[in-house]
Amino acid sequence: MITVINSILTILGIYFGIGLLFGIYFFLAGARKIDPIINDSKWTVRLLLVPGAVATWPFLISKLFKTEKQ
Amino acid sequence: MTSNLRRRHLFMWIGILVILPVLMILAIINIPKFPVNDQLVEIASSNKGAVLKTAITDNVELKLIEAASKKILEIQILQPLKASSATVHILNDDLSKGDFIGQISAKGIYKFPIEKEINGISIFDHIKGEEITKIQF
Amino acid sequence: MGLDYQTILWNKHKKVYDKLILAFMLMYLLVFAGLTFTFNAQTTIETLIIRAFGTLAVIMLHIILAIGPISRLNTSFLPLLYNRRHLGVSMFLAAAVHGVFSMIQFHTLGNVNPVYSIFTSNLDYTSLTNFPFQVLGFVALIILFFMAATSHDFWLKNLSPSVWKKLHMMVYVAYALIILHVFLGAFQQETSPFTIGFLSIGFVTIVSLHLIAGFNEVKTDTKKSEKDESNWLYVCRTGEIEEDRAKIFTVDKERVAIFKYEGKLSAIHNVCKHQGGPLGEGKIVDGCITCPWHGYQYLPGNGQSPPPFTEKVATYELKLVKDKIYLNPEAFPEGTEVKPVNC
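Line order of the protein sequences matches chains A, B and C.
Taking our numbering, the leading residue of the first sequence gets 26, the next gets one more, and so forth.
Taking our numbering, the leading residue of the second sequence gets 8, the next gets one more, and so forth.
Taking our numbering, the leading residue of the third sequence gets 14, the next gets one more, and so forth.
Honestly, the hints are just simulated from the structure, not real lab data.
Note that this is a predicted model, so its numbers are computed, not measured.
All residues carry an ideal CB built from backbone N, CA and C; glycine is no exception.
Please note: incorrect hints may appear among the correct ones.
From the structure, some residues in chain A lie toward chain C, with a derived Cβ separation under 7 Å [stated by the list, open to error]: (1) L45; (2) L73; (3) A80; (4) I86; (5) L89; (6) T92.
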């Protein structure tokens, strides 16, 4: 049981750890690449969106790679 | 909403309707139950004896009564115990949990026949596996 | 509909709703604190905060879950549906206060990581009665975090409406976890019949509302309509549709909105591309069909959003026999121009 709990919590920790790093990148540059319309908005909007980026980073990274390829 | 989404919503709620009550009922059924002592009623009806020892705490009052050459332990629960399954045990000399006496639940008076000398009781939460309180005469 | 993103989408109505939400939350917390200090004066401030915010979040979750089916059963509740987002985020914040304070109160005393302590302080995972109920609350809070964090039009667009909707339907899983969390918690901490009683009433109400609304929709979806010799379906008479409004009609389990405007009739698919809002419940504003949920617009003649927007919905062909409207059940590809029928 303890090993299962340990692995779940480690995965959760890694997920949110990477999420946090991605969140910083998202705030500084990523948001603009994902959706250029965000350029017309204030920086507070990007700040408000950071928790969402922390939560959904795998999806956003795959989206970024797809737009790069195009 | 598309019809697909509407159907998914409906199935989710049917699932919740079935699963949650089943889990709740199973949880209630699984509260440990202990056999009630048959002698209780008989002794309880004929008890007007001498009080040998008493003890009182914030939520429990204890009396050891002797009637018709039998000893009865009377436990009065003054405040509801915040546990779903509480059992009463004899308190050993080293203050550890001893023999099982009976089960108590809501507020009220409980009477149990006692055969040996008793210095106190331990009330034990059987779901959590930990002692709620101990009372000494 | 706007082109740029804003921090929080506020208009006059939304501000009023948000003030009401805030007032309700403050009132509840004050009343809860007052009652606790009157009847249970020994309660510590931490316990009070944990219980007040926990119960507040549960009540708000019930209200949020009731809004959907209630507004489908009675359209006068629709304004609540359009303003559900802020209520949801507020509910998450209340739940987060409850979670963080519980973690501080119960899991920061030892030398282990508090999150680890939630999962390991009670290892009775095989028991139904003594299952570690805090774990259920923790998982529910993570789900609510995902939902609250993505409660913005930016996420709706960039995660795509279908992924977004799937993510937000996780609220049902969170609801089930929270009900069990409260039920087992009440059970293991205190055997108060009130908690279990209120919880049961709430559960029965929410489930009944959803099932009644859900089965009503199934009935509408499976309604058979009259066909003419060329297999076109009879909708209704022209007089039954109000000017600048629509009649919603079911074709093969999908809904079509037939709009009447400027002496003309046009039919488009009822589902808005933005978030699946019911276009047929909206009005024609400035010559455009306007979604009642977020104001996305479509031209009735071709189902396309006016430039610079690019949303497109399917269109349908209509014909008029005297004043009876008939619809061709075969949809045209999204954004196809269809000549409106004059009536």
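Now for the hints, and whether the structure bears them out:
For L45 (chain A), the shortest C-beta to C-beta distance to chain C is roughly 12 Å, which exceeds 7 Å, and the interface hint is violated. Taking 7 Å as the C-beta contact cut-off toward chain C, the hint placing L73 (chain A) at the interface holds, the least distance being around 5 Å. Checking A80 (chain A) against chain C by beta carbon gives a least distance of about 4 Å; that is within 7 Å, so the hint holds. Given hint, I86 (chain A) at the interface with chain C, is violated; its Cβ is 13 Å from that chain's nearest Cβ, farther than 7 Å.
For L89 (chain A), the interface hint is violated, the least distance from its beta-carbon to any beta-carbon of chain C being 11 Å, above 7 Å. Annotation: T92 (chain A) was flagged as interfacial toward chain C, and the flag is violated, the nearest CB pair being 11 Å apart, outside 7 Å.
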